[in-house]
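Residue numbers (full-length UniProt numbering), protein chains in the order written: chain A, 1 to 280; chain B, 1 to 316; chain C, 1 to 551.
Hints are supplied without guarantee of correctness; some may be wrong.
[As the list claims (entries may be wrong)] Quick list of simulated restraints, FRET-style, between CB atoms:
| no. | chain 1 | residue 1 | chain 2 | residue 2 | range |
| --- | --- | --- | --- | --- | --- |
| 1 | A | Ile114 | C | Arg354 | 17 to 23 Å |
| 2 | C | Leu295 | B | Ile108 | 58 to 64 Å |
| 3 | B | Lys183 | A | Ile206 | 49 to 55 Å |
[As the list claims (entries may be wrong)] Partner residues are not named here, just some residues of chain B that face chain C (Cβ under 10 Å, in silico):
| no. | residue |
| --- | --- |
| 4 | Asn213 |
| 5 | Pro215 |
| 6 | Tyr216 |
| 7 | Glu218 |
| 8 | Ala219 |
| 9 | Lys223 |
| 10 | Arg227 |
| 11 | Arg229 |
| 12 | Leu232 |
| 13 | Asn238 |
| 14 | Val240 |
| 15 | Pro242 |
| 16 | Leu310 |
| 17 | Asn312 |
No wet-lab data here; the hints were simulated from the structure. Note that the coordinates shown come from a computational prediction; the quantities given were computed from them, not determined experimentally. Beta carbons: idealized from backbone N, C-alpha and C, even for Gly.
Here is how the chains run, residue by residue.
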Amino acid sequence: MTLSTPFSSKVSYSFSWVGMVGLAIIVFWAVIALAAPHIIPYPIGEIVDEDYFGPMSSKLLLGSDYLGRDMLSRLMMGARYTVGISLAAVCIACFTGTALGMAAAVIGGWFDTILSRFLDALNSIPSKLSGLVVAAAIGSSINVLIVMLAVIYTPGAYRFARALAVNVNTMDYITVARTRGESILYIIFSEILPNIIGPLLADFGIRFVFITLLLSGLSFLGLGVQPPYADWGALVHENISGLPFGAPAVIVPSLAIASLTISVNLLIDNLPKKIRDRSA
Amino acid sequence: MRTFVLNLIAHRLLIAGLTLLIVSFAVFFATAMLPGDTASILLGQAATPEAVAGLRAAMHLDEPAVFRFFRWLAGLARGDLGTSYVNNVAVADLIGGRFVNTMRLAGITTLIAVPVALTLGITSAMFRGSIYDRIVTILTIGVISVPEFMIATSAVLVFSVYLKWLPALSFANEVTSFWQVLKVYAMPVITLAFVVSAQMIRMTRAAVIDTINTPYLEAALLKGASRPRAVLYHALPNAVGPIANAIALSLSYLVGGVIIVETIFNYPGVAKLMVDGVSTRDLPLIQSCAIIFCIGYLALITLADIVAILANPRLR
Amino acid sequence: MENLVEIRGLKVEATTDSGRRLDIIKGVDLDIAPGEIVALIGESGSGKTTIALTLMGYTRTGCRISGGSIHVAGKDMVTLSERQRAMIRGREISYVPQSAAAAFNPTKRIIDQVVEVTHIHKLLPPAEARQKAISLFKALSLPNPEQIGDRYPHQVSGGQLQRLAAAMALISDPKLVIFDEPTTALDVTTQIEVLRAFKSVMKKSGIAGVYVSHDLAVVAQIADRILVLRNGEVQEVGSTETILNDAKHPYTRELLSAFEPKPRGDQLDLAAEAKPLLEINALTAGYGPLQEDGLPLVRAVQEASITVQKGRNLGIIGESGCGKSTLARSIAGILPASSGKLTLDGRQLAPSARQRSREQLRELQIVFQHADTSLNPAKSIEDILGRPLTFYHGMKGSQRSTRIDQLLDMVQLPKALRSRTPAELSGGQKQRVNFARALAAEPKIILCDEITSALDTVVAAAVIDLLKELQRELALSYIFISHDLSVVEAICDEIVVMYHGKKVEQITPAISKIPQHPYSQLLFSSVPKLDPNWLDSLERDPELVKAYAHA
Numbered sequence: 001m002t003l004s005t006p007f008s009s010k011v012s013y014s015f016s017w018v019g020m021v022g023l024a025i026i027v028f029w030a031v032i033a034l035a036a037p038h039i040i041p042y043p044i045g046e047i048v049d050e051d052y053f054g055p056m057s058s059k060l061l062l063g064s065d066y067l068g069r070d071m072l073s074r075l076m077m078g079a080r081y082t083v084g085i086s087l088a089a090v091c092i093a094c095f096t097g098t099a100l101g102m103a104a105a106v107i108g109g110w111f112d113t114i115l116s117r118f119l120d121a122l123n124s125i126p127s128k129l130s131g132l133v134v135a136a137a138i139g140s141s142i143n144v145l146i147v148m149l150a151v152i153y154t155p156g157a158y159r160f161a162r163a164l165a166v167n168v169n170t171m172d173y174i175t176v177a178r179t180r181g182e183s184i185l186y187i188i189f190s191e192i193l194p195n196i197i198g199p200l201l202a203d204f205g206i207r208f209v210f211i212t213l214l215l216s217g218l219s220f221l222g223l224g225v226q227p228p229y230a231d232w233g234a235l236v237h238e239n240i241s242g243l244p245f246g247a248p249a250v251i252v253p254s255l256a257i258a259s260l261t262i263s264v265n266l267l268i269d270n271l272p273k274k275i276r277d278r279s280a
Numbered sequence: 001m002r003t004f005v006l007n008l009i010a011h012r013l014l015i016a017g018l019t020l021l022i023v024s025f026a027v028f029f030a031t032a033m034l035p036g037d038t039a040s041i042l043l044g045q046a047a048t049p050e051a052v053a054g055l056r057a058a059m060h061l062d063e064p065a066v067f068r069f070f071r072w073l074a075g076l077a078r079g080d081l082g083t084s085y086v087n088n089v090a091v092a093d094l095i096g097g098r099f100v101n102t103m104r105l106a107g108i109t110t111l112i113a114v115p116v117a118l119t120l121g122i123t124s125a126m127f128r129g130s131i132y133d134r135i136v137t138i139l140t141i142g143v144i145s146v147p148e149f150m151i152a153t154s155a156v157l158v159f160s161v162y163l164k165w166l167p168a169l170s171f172a173n174e175v176t177s178f179w180q181v182l183k184v185y186a187m188p189v190i191t192l193a194f195v196v197s198a199q200m201i202r203m204t205r206a207a208v209i210d211t212i213n214t215p216y217l218e219a220a221l222l223k224g225a226s227r228p229r230a231v232l233y234h235a236l237p238n239a240v241g242p243i244a245n246a247i248a249l250s251l252s253y254l255v256g257g258v259i260i261v262e263t264i265f266n267y268p269g270v271a272k273l274m275v276d277g278v279s280t281r282d283l284p285l286i287q288s289c290a291i292i293f294c295i296g297y298l299a300l301i302t303l304a305d306i307v308a309i310l311a312n313p314r315l316r
Numbered sequence: 001m002e003n004l005v006e007i008r009g010l011k012v013e014a015t016t017d018s019g020r021r022l023d024i025i026k027g028v029d030l031d032i033a034p035g036e037i038v039a040l041i042g043e044s045g046s047g048k049t050t051i052a053l054t055l056m057g058y059t060r061t062g063c064r065i066s067g068g069s070i071h072v073a074g075k076d077m078v079t080l081s082e083r084q085r086a087m088i089r090g091r092e093i094s095y096v097p098q099s100a101a102a103a104f105n106p107t108k109r110i111i112d113q114v115v116e117v118t119h120i121h122k123l124l125p126p127a128e129a130r131q132k133a134i135s136l137f138k139a140l141s142l143p144n145p146e147q148i149g150d151r152y153p154h155q156v157s158g159g160q161l162q163r164l165a166a167a168m169a170l171i172s173d174p175k176l177v178i179f180d181e182p183t184t185a186l187d188v189t190t191q192i193e194v195l196r197a198f199k200s201v202m203k204k205s206g207i208a209g210v211y212v213s214h215d216l217a218v219v220a221q222i223a224d225r226i227l228v229l230r231n232g233e234v235q236e237v238g239s240t241e242t243i244l245n246d247a248k249h250p251y252t253r254e255l256l257s258a259f260e261p262k263p264r265g266d267q268l269d270l271a272a273e274a275k276p277l278l279e280i281n282a283l284t285a286g287y288g289p290l291q292e293d294g295l296p297l298v299r300a301v302q303e304a305s306i307t308v309q310k311g312r313n314l315g316i317i318g319e320s321g322c323g324k325s326t327l328a329r330s331i332a333g334i335l336p337a338s339s340g341k342l343t344l345d346g347r348q349l350a351p352s353a354r355q356r357s358r359e360q361l362r363e364l365q366i367v368f369q370h371a372d373t374s375l376n377p378a379k380s381i382e383d384i385l386g387r388p389l390t391f392y393h394g395m396k397g398s399q400r401s402t403r404i405d406q407l408l409d410m411v412q413l414p415k416a417l418r419s420r421t422p423a424e425l426s427g428g429q430k431q432r433v434n435f436a437r438a439l440a441a442e443p444k445i446i447l448c449d450e451i452t453s454a455l456d457t458v459v460a461a462a463v464i465d466l467l468k469e470l471q472r473e474l475a476l477s478y479i480f481i482s483h484d485l486s487v488v489e490a491i492c493d494e495i496v497v498m499y500h501g502k503k504v505e506q507i508t509p510a511i512s513k514i515p516q517h518p519y520s521q522l523l524f525s526s527v528p529k530l531d532p533n534w535l536d537s538l539e540r541d542p543e544l545v546k547a548y549a550h551a
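Just chain A, with the same shape it has in the complex (with noise of 0.2 Å):
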């Protein structure tokens, strides 16, 4: 017999502690991206240090970069590029595969199975494969780095979410909706969706650090954002000539891409049990 607490339910949102830190550190990249113009304590094209690769610094708190600019500064924008590229990538990714996959669930079919395949097949060309044949043959500005990084992502999001959706399409009560004579819209958003939100948006999570390496990884690469631009890959790369010495320009940049990304999946692993998986 399994034991059943039919009056548990009610249970407070308790958070650890691990995941208020992960919350904490994007709270602080996203407050520092949205006001970064206003707090940079340098023009981010201004050479204020006669050394290239300066070391750290009471002037500058970062040390400079390659060709003596201030680093702290050139990273909180960065900030902005980074997180801003990804967000967006995330939210059109998210929001297509989402409807996508639910309609595919609920209509099944033809529709369903042809939708599979084509997306399927795409997601089996490797993430970083993509990304180096569009750059090579559409180039990569900030708007086509965003579309391409939302197509890349697209299948993945439509496979997790139509999976959840077909769970949730074998319970009984999307069959008591079918036979009381229900809309398919009726049935996806107003019978599925509520159950599958959770999941959906911890997804939403770690499609978010996917691209975010991606995007790190192209920008790394010399092929993501472009000068006279720079998110914290870029600046991976355009100081990568520091490394031997083992300057902060080529060091920071790659922290604070793993302090976003891993805060991110410390905050996902640790949301409580309710939100995360609801639908099970």
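Since chain A is already given, all that's left is putting chains B and C on it; use the hints.
The following block gives chains B and C in isolation, referenced to the frame of chain A:
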């Protein structure tokens, strides 16, 4: 039963073939969307209209894109990968030796990563919740959450900047002794192995835990079996399919990793060739490299599915 | 004589998802003499399985023994180390699970799993272990005892697997065997063979047993003593005779009276002219690709013709796989019938629900077995009941709100439940809401698919009473689908027996209670009775059993 399994496998191979077709279609059209006219870009601004028209005809650029796609596909099937735009060399010749280099890098990484990852993944599932398990979990999340180039740069910082054991960011071409081989391959392989095994550990652990949470495992414990016996004798045979899947899916991270690692360590492989091709917009080269990587990736995924089919006792 | 088992003041604590701790076993005492079979009986959540497992020093994830002592053959399982417990598990105490199908490892041959105990505890050399397993297979009257062990678990039937699991438990000659609802997942005709096999082996070998079950009639056949549990506490202990005939505790009496439902109260007025409400004519339905004759490959229902009269109830009874649920699904239009005709109140119904008009859908409602999956967990009870009111009757605002209160009242639920979600309701409450939703449509006929099967006996009896009462008030008709004869007899005027996709027979209990067809006879005679001598005195024609029971 036998024919049923063979049918399943044939079906899986058919899907792989279909997928490859869709993928090559996507790769071709992504590159064919190039804004501006390829011929005039290639010839530069000083070219005469006649020269541009001549080149267009020679490259079949005036034909509809679908025709060019099938012409290209037929070429691929014959092993004709086209000619590089940049230096007029057959793409097949450019790729040739570098393909072997990339395979060697991937092979060595696999040989190291798979045993290590399986051991860590299975043992951490066996001692789920222990301090050992938590440390493994935290480390794998850490490695998965950071970009590959960060692992590579960290390896350089540790092994060449601080410890000064290995050369930084350069690939010596004249390799004579065993020690040199070791030095040359150490850093790329360490980086790739980290990237690949983190994924593999996580997925293996999840697969084994799934089979641990089953009534037949509880039944084994209630027969008096020790925990290691229950996991190794009862859970593992059921986890073969999911673990094979985990290995193949994680190895597919090699593709992404190889691109970064070959670039950062200046390793003469196909990925480095492709990244260089992107900066010069050498489309035939990029298309060929992309298809090679896609085939590798698809082969791994299909192999995993077939292993999973063969490992299912209900189909035996 | 010294007791084999002595449990004193046993307490088990569980940690909920939210981290709260609560006692699920609240101080239980239990004694078992050598060779005695004691039954633990109670509804779901009463803690019967938890207690049985503690005898092996085992608790499931999230639970732990928080107090008391469990002496088995002189050793206290509570204080032993995990290693010492493992030495006892399987050798001195063994376990027969509820679902042998899940408890056998799908990748290993059955024989290897049966003899594994002798290997773990180094009891017998492999060849001898195999011989012993085969002799146990014989004793448990399994077919082909020499070869059956070489198969994989998915290659034998459920009834056989359950007996093979018993062989696995008995091979080490344990002092105590725990049977955890070992026949609950089986059909009644199969259950008898398995019960008989268990009983004869246990009596012959003199092994003590703990038999966990919710079914008093089954327990009455095999147990010497019965322990009645509720909410982790012992309500009453006594010999089987005493509990059945002279129960003291009110809860035990409630269990006993729920077991024998009151007969259909209002006598069928046979004089009244019967008007057909739903006519099912030569309906065939199934799954798989269509064949040349336009019928599906697997025909779960074949040429079934059934008529339901206005204001009367029809029961459909049969064992798993007989096609009764498929029939319900094709009547409701969920699985469109591939041939045949459906007529509701004189108008023909399209095979698929999609092609039926909203009015037709409203008139025929279906209620499913599992209230858990029938109610959307993300919605409040108010929204669940309100939707059909708005959808079919266009109700809004206070009119709708009043009607929701009325519906809750009709199914005897407090109005305060309106704002709750299904997860906050008990199983019986959920099934009432499930039924109220069908009532909200104001249908002419309600299809009830095993709606009491997932409920505890006492709760199920109350739901049946409610259904009878509502029918009198609302002039409804039910089609009642069940594998449980007593439930169907309690509520239906006519009973259709199905076997292998076909309608075998239609019985009107009010006219003659005796079924004519051999399968119906076998089925009706297989339902356990509260009489401890029932199993021993039951005589069944072996040819009939061979032909119809899938043991």
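Checklist entry - So which of the earlier hints does this model not fit? => result Hints 3, 12, 15, 16 not satisfied by this model.
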